[in-house]
Structures are given as structure tokens and as C-alpha cells.
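Peer 1: Given the coordinates of chain F, assemble chains E, D and R onto it according to the supplied hints.
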Amino acid sequence: MPRSKTVESFAAAVADIPDGAVIAFGGFAGPGTPYNLTRALLDQGARRLTCIANTTGGAHQPRLPDVGMLVENGQVAKVICSFTAATRPTDVLPFTKYHEAGEVEAELVPQGTLAERLRAAGAGIPAFYTPTAVGTELAEGRETRVINGREYLLEYALPCDIAFIRAWRADAAGNLQFRLSQRNFCPLMGMAAKLTIVEVEEEILPAGALDPDHIHLPGIFVQRMVQVPPPPEGLWTIRRQERAR
Amino acid sequence: MPRSKTVESFAAAVADIPDGAVIAFGGFAGPGTPYNLTRALLDQGARRLTCIANTTGGAHQPRLPDVGMLVENGQVAKVICSFTAATRPTDVLPFTKYHEAGEVEAELVPQGTLAERLRAAGAGIPAFYTPTAVGTELAEGRETRVINGREYLLEYALPCDIAFIRAWRADAAGNLQFRLSQRNFCPLMGMAAKLTIVEVEEEILPAGALDPDHIHLPGIFVQRMVQVPPPPEGLWTIRRQERAR
Amino acid sequence: MSGEGTGQPGQAAGWDRQQMADRLAREFQDGWIVNLGVGIPTLCSNTDLGDRAVIYHAENGVIGYGPVLPPGQEDLHLVNAGGQNVSLKPGAAIVHHADSFGIIRSGRIDVTVMGAYEVSADGDFANWKVGGAKGGGIGGAMDLAACAQRVFIILEHVTRKGEPRLVRQCSLPVTARGVVTLVATNYGLFAPSGEGFAVRELAPGISLEAARAATGAPLFG
Amino acid sequence: MSGEGTGQPGQAAGWDRQQMADRLAREFQDGWIVNLGVGIPTLCSNTDLGDRAVIYHAENGVIGYGPVLPPGQEDLHLVNAGGQNVSLKPGAAIVHHADSFGIIRSGRIDVTVMGAYEVSADGDFANWKVGGAKGGGIGGAMDLAACAQRVFIILEHVTRKGEPRLVRQCSLPVTARGVVTLVATNYGLFAPSGEGFAVRELAPGISLEAARAATGAPLFG
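Chains as they are written, first to last, in numbering that gives the first Met the number 0: chain F, 0 to 244; chain E, 0 to 244; chain D, 0 to 220; chain R, 0 to 220.
Bound conformation, chain F alone (with noise of 0.2 Å):
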């Protein structure tokens, strides 16, 4: 029988991350984010990753874990983001000082061309033609193409080694339903990765117990899942008796 996907510790789900692993974090704007899976990597202290996200964070107080942060740490070679500096100019991301000083090398990728470079990893597509940043700076130099009298540029599939992604609920099979905005980039991530870790929001609940209709990350895309335990321990803990609905 297959082992238990259930794993005790974000310590433990994290302690084999190599140095050099490319590694995707989910999450926009607070919901689908790892925050646990990112303290426990921070601790672990792997180097050299190339980290994917849609922004290196770090433009908000409170202040949670990010990869910003782990760059701040000096375990980063490199972000792929869609955002590696802040939307307002006199914001200033913790990231753009090490950006500025070459410490750090940065992939700018339209926030539209990341997912679908996501999920063309994740569906076996290598390569695909988009509409988006034709005729800017970020298309400069680069293979473009004529399709029906329009001209597109070719992207490339973005696989990852690992994914680290948030849910709301989960079983034992390891499918996973997020809640709300929380979805977002975390099941393109699960399927754009060879080892996805999972941190789970709810108690996850015996195989069969999600509605095989309602699953938005088939359990074949997890491996590794952490339930978050409550606070302190667990960061940014969202329980049924907080929310609103």
C-alpha cells in the first residue's frame, strides 16, 4: 500500500530540499501563500534556488514569511516573478536592494504568461504562443511568430522541482480543495512540479470524503501534506469559526 502522504512536520516535509532546487510558492495577495512551508525552509537553510512567485513579496506589515525573505537569507540564485519591484514607485521591495547590487538574478514574466507557463509544464506542453508583451521591452530580441495576421511570442513551459502550496482541505489521497481566491496559482504549481507539499488549512479527512466532482488538485499531484496547527505555532491560521462565511 501507498505510505501516508500526512506528514508531522513542516520540518520534516522540507528536510530534504536540495540546494539548487527550483521551487514554486502559491499564493496572491495573503491566501494560497505557504507561509509554514517558507519558515520551515528558511530554517533549513537550502541555497542557490530559483524561486517562483508571483512577487518576491514584502510590500506589507505584518511581515510573514516570503521569498523575499529567503533571499534576504542568501538562499536564492534567482526569482521568476511578475513582480520584482513594487506596483508604486516610492513603495521599495526588500528584494530590489539585492536585485540592484547583482546579488540575485531576476525573470520578469507577465503575470498572465506565468500561469500558463505553469500549466503548460504541468500538461506536458512545452512550448506555446501568446499575445501578451509583444511590442515591449520584454519581448526584445525574442522569437515571435504571425498566427492569423496577429504576432505572438513564444514562451516556454516553466517546470519546477517542488511546489509549495496552501489548501483548504484535503484527504488522505492527497486531493485538495482550495477555498475562495486561494486557489489561484497553487493547483498550476501542483501540476508544474515533480514533489508538491502541501500545507492544509482544515483536519485532513479519510480518502473519499471530498466529492470526486469538487477537487481542484488531484491527490496524483501530491505527495507530501502538513496540517497547520493552531497559533502560535501554525502562522496565519484560518479556522471554520474565523470565517466569515
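Certain hints may be false.
Said to hold, decoys possible - With a straight-line cut-off of 35 Å between C-alpha atoms, the simulated DSBU-like cross-links for lysine-lysine are: (1) F/K96 - F/K193; (2) D/K88 - E/K193; (3) F/K4 - F/K193; (4) R/K133 - E/K77; (5) F/K193 - R/K88; (6) F/K4 - R/K88; (7) D/K133 - F/K96; (8) D/K133 - F/K193; (9) F/K77 - D/K133; (10) R/K160 - E/K96; (11) D/K160 - D/K133; (12) D/K88 - E/K4.
Just so you know, these hints were derived from the structure itself, not from any lab.
Peer 2: Here is chains E, D and R on its own, set in the frame of chain F:
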């Protein structure tokens, strides 16, 4: 306020379909197949249609309305399918004799490529690469590309004018739920089409009655819905009391 | 309405932020799917559109969101693209990021309203990178700009240093080219016309002369 | 087990359909994701694998299906890729066709078992088009063949006319090239080796000489 998406009859739902339309038909081995809409289209009589479906149908008895019947009715110029002949050479699809006589054009597409071309159309991706069919007769004379040492075939999006699909439940906003293997191509075709027409098995619910986390095709992709009436008027009627679960 | 003045310094001439947003929102048609960018564009959702119903779409896959919820009533699992804790309207649906941008790229967004640093007479605009910066903040702006049916821009007519933001050619790296059809500023409503900008409406207290003086391209009244 | 005979006509030599399926199914490892083609391959799901758990995936997006349900107990909304009314095992999940083939193309299927008309010594196989036909029945076979980690084939060793189906080169249009690693026939278990086929096992009553006589490529015992 937007007009209601509910239409009172299948005849009314298909009345304005023009000659030459490109129509995708959902369904796979029964579930999700828009039998009632297809019957209405047989009566409506639009001609020179391009029909996209997994198969032209007709392999089994009793036969329900299928693309093959539209072919027999002289309404079809071209089919795009993953089966244009039966799997067993001893079976003969009704479609085959029209195809062999040159009366109808056929484009044979591997099933995963068919699904992905529909998905691409709905996602604004004009073309993509796939490993499927490389080295086969289907790839002869076509453009391939080597990416990371593997050869891939270029495939183009497959947009449709109209999608005919069948759903389990719907709300007034057009949000759809498919039950079990009813899902198959249906949401992809709904996203690929400019006009999506749905036959719905259960009573159409008020907007907000379905959980926003459990919508398989958002209402923004759905323009017309018809509820399947009880038999004998409704074809392949499956109501709650007739289901095992 | 603010601004009875003549555009002189110190006087409250022109539209305020909500009025700029209101003016663009009044262009929304019944049934439109609308994507609002972070900042002033989010104020469009405050505008009373009467019996016209629009559907607000956010990049993170929320289709059909409603007003921002007051403190204490937020659902922490629900944010719009600006990170605000919004509500859902009946008929809302959630999709993942790839499907959300599929909606954008396939042209289902009737209008996107965004902020910008600059808009050019050709309908180019720039909003992701400031001069000399090494990084940038693109987010969903390039996808929306390239693929929405219409791109509306809201910005202050001039920079803090008084330099025009409506220009012949963008000096900053562009987000997309030739896509902007309507621009609301505190001075009024303008449409890129290739040679310059057509004046569709001037805000109260703004004269055509004052607008011309503050614009880096010809204005056609 | 059938077949104590010597392979002479009229005797029940070799494996029957279920035995061919059983032999391949015994290669399945714990935790594998398995896709079974229409026809004989579906019989693999009848094989008792002891404490090894495999997950059956169907092209139409059913992940984790179980046995075919008896008449009267079917759920009409639930079919596998062969159109059989199957059941679901605990932990099953449903996805749409694009995600289902995403699972296939991204290499998540550990093994696909399919029927075929011919298999070549190079591991090519043909199963979608008969000679001279204008149309074909590809279904999901080309996606599975190109992308599954392993392709196993089940077929009768010879055609009804007695011609070999294990050949040097396929005479029919191929489904994929160089992908087949294991073939079960009524004569035994064979592995394409480039120069011919390696004999992994002979069915009871089948001699190496009989197998060689019925094979269109060298057999290496």
C-alpha cells in the same frame, strides 16, 4: 439588466444557427452529450456545418442523435474528430461511407490534441507544441520543432462559433456543474465557443445557489440554457431519482 | 462636484479621484465584464450604474466580486487583485490563475481600467517600470492591455513636477502599444487619436488652454 | 491455467485473454497510475495484485475508477474510456479532458496497456488505422503512446489468417515509434529488442520453435 439565459425550447435555442457554422459537440460515450440540441439541429436544417466532436457516433444501438446523423441528413461539410472510423475494423461507423465517397471532409485529431486545441482557443493561445503524433502519418509534411532534445509538433487553436454541451446543474447566471464523467470536453468547448448552448438535466437554480468554488464552467461562457424535459420529449433524461448515487 | 476654479494653483479645479473613476465607469455597458486595476481604477466599482449590471473580474480568478467588506466582516480567503477583502455577488464563480488569464487572453474582458505613468497619442501606455529601475511590477497589466476589448486609463494629468503624462511618445518602457482608447485625468476625458488627443470632455474649471498647456501632444477640441 | 498441449492446431495452447492481461498486470508496481485501453487491456483490472495499489486513469478524466458495475447498479453519469459503467474508489477525482491529457502528456501515467494490430522489433506499434481505410480511430492512443512512462501491448500472436503480428517493421501506419517495452500475446511475453524480440516467458504448451514460426522477426530465447 442582462436578459435571462434560459430559453424555453431546444428549437428556439438553435433557431438562428447559420449555414456554415463551426459547432463543437460535447460528450464522451454518453455523459455530456447534447442529444436534445442535436435533435433540434437535425430539425432546424442548417447546412455546410463543421462539426467538432470526439467521434461521429453511431457505433452502438439504440442510436441517439449524433454528428453522424447530421452527416446522413446532408448538413455537414467537415468533421474534426479523434475517431472517424471505429476502433475495430469489423465495425463500420455510419459516417464512413459518406467520408469514403468524398461527400464529407474529415480531420482526424488525437484526442488529447483535440482537447488541448479547444482549450487553447478558449485561453487565447493561438498555437502550441505537443509530443503527440510525432513520427506518425499525421505529422507528415507538418512543422515540428526540437525543444530540449525532443521533437514536438506544432498545433493550432480550434475556435468554434457554437458549443452544444450538456450539464447536470446550472444557475441563472449560467454557472454550470457537470456530474462525474459528464465533464469531459464540455467546459473546454464552452470556453472555445463564441455562443455556448447548454442542455441542463436538473431544474435551473437561482443565481448564487451553486457554491462559487464548485463551478466547472463559469456563467460568463454560457449564453443559452434549456432544461431537459421529462421523457418522452426529453432524450436520455437523467434525474436525481434515477441515479445510483 | 469639486472645482469651480480656473485651474490656478491652490484652487480645487478639475475632477478628484472618484470623479475620474465615475466618468470612465459611466462608459460601462450592461453585461460587460470589467477588470479594475489597483489604485484609482478600483473606485469605478463605487459608481452607481443604475440598471446596468457589470461583472467584475479579478486576475486571481474571482469572477463577480462586489463591494469591499468593512473591517471585522472580511473573509480572509477572498481578495481581489489589489488584495482588498471583497464580497461576492450572487452568481460569482472562482477559477484558477490559468483559466483567469484564459478569460483575459481570449478577449472576454470588455474593458480594463488601469493606472499609468504615461499615455501616448498612439494609444501606447507605460505603467510597469520607472526610469532607471532594474526591476518592474508587471502583474497582469501586459496580459490585460494586450487582450482586453478596450483599455481605459486613469492618471493625474501631470506629474508632481508638473510634467505632462499625456505625450506624443512614451519615454518609459511601454506595457502595450496602440491599445488605449479612453483616458480620464483630473483635467477631463481624452481619446488618443494618433496625432494627439481628442478632448471628449473637460472637467469643471479646466479650460482648453489650460489643458493644452499641460499636455505633451496636440489636443483637438 | 489453460493449455497443456504442444501448440498443435485444435489444442488449447497458450494464454487466454484474461491470462494475457494477468501477465502484464503482474508487472504493475505499487502506486502506479495505469491507463487501460479498450478491449483485452480492460481485463487487467480483474487481476489480483495483492497489497499493491494502482490507480486507474481514464482519458475522460476519471482518476481512480474501480470495477464495472452490474446491470441495474450503474451510474449513467460515470463511464471509463471504453464506455463501461464503472465505480469509483475512495479518493477518486474527476477532471476535464484537457487536464486528463495534461496528466498523460506530462508523463504521470506509469503504464498504458493497449491493443494493437502490429508491434515491431523497434518498439513501434500500429493500432489506429487498417490498410486502405480512409478514416481512423485514434482516440487517446497517440497521446498515451507518446507520453506514458511505459507502453505495454496485448494482442493475439497471429492474425486470423495466421500472419505474424510481431514483425520487423510495421506495415500499417504507426501510432508511435520506439515506445513499446513489453508485449503479451497468447504465446507468451516478449520485449522488443531492436534486432527482434526477447522472449521473457512462453505460455504453457508454446515451444520456442512454435513461437519463432509464428513471429515475423527474430526471437531471442
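Peer 1: Indicate, hint by hint, whether the structure satisfies it.
Peer 2: These are the hints, each one checked on the structure:
no.	hint	verdict
1	F/K96 - F/K193	32 Å, holds
2	D/K88 - E/K193	24 Å, holds
3	F/K4 - F/K193	15 Å, holds
4	R/K133 - E/K77	14 Å, holds
5	F/K193 - R/K88	24 Å, holds
6	F/K4 - R/K88	18 Å, holds
7	D/K133 - F/K96	10 Å, holds
8	D/K133 - F/K193	32 Å, holds
9	F/K77 - D/K133	14 Å, holds
10	R/K160 - E/K96	26 Å, holds
11	D/K160 - D/K133	23 Å, holds
12	D/K88 - E/K4	18 Å, holds
When held up to the earlier numbered hints, the structure conflicts with none and fits them all.
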